[in-house]
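All chains, full assembly: derive it from the sequences and hints.
Taking our numbering as reference, the numbering of the sequence shown is continuous, increasing by one, and the terminal residue is 327.
Some hints could be false.
[Stated by the list, open to error] Straight-line Cα separation of at most 30 Å, DSS-like style, residue types lysine-lysine; simulated pairs:
| no. | residue 1 | residue 2 |
| --- | --- | --- |
| 1 | K316 | K242 |
| 2 | K289 | K313 |
| 3 | K316 | K236 |
| 4 | K277 | K231 |
Worth flagging that the hints you see were computed from the coordinates, not collected in a lab.
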Amino acid sequence: MRERQRETIQLFLGSLATLFFVAFMGSANAAVKPIECKTNFGEKSFTIEDESVAFHQVQEKIGRSVSSVYEARTQRTHKGIRKSLYLNGDKHLIHIENFKEFDASKDYLAVTSPKGHKMTYPLNCGYLN
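Next comes the structure, spelled out in structure tokens:
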């Protein structure tokens, strides 16, 4: 009888701990704000939101911005992220070192062509309001 009560209490406490863990993890992911990044001279600009990246293209004649949204593979680091995706045959690697302190000397976009040529652009990033 006592052993059954102990098992019931352990099961209840385990379920309660799992419920709290899931509740806090869900709210932590929901609190992530979109991040807007652009290169120094504006060659490329994009917005990162959850698992997707939206690249912006400014059309001079129309005077507005058109965005193309792509799914990206995300690898979380200790304080930041690395996202990789293929766009027009080129591999794009977005590296953000630290979400709390964006730094153009540590955050970059690396574009690698199918022939292996690599261009690396420093990024100026910030949270969207």
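> Hint by hint, which ones does this structure get wrong, listed from lowest number up?
Replying inline: Result: no hint breaks.
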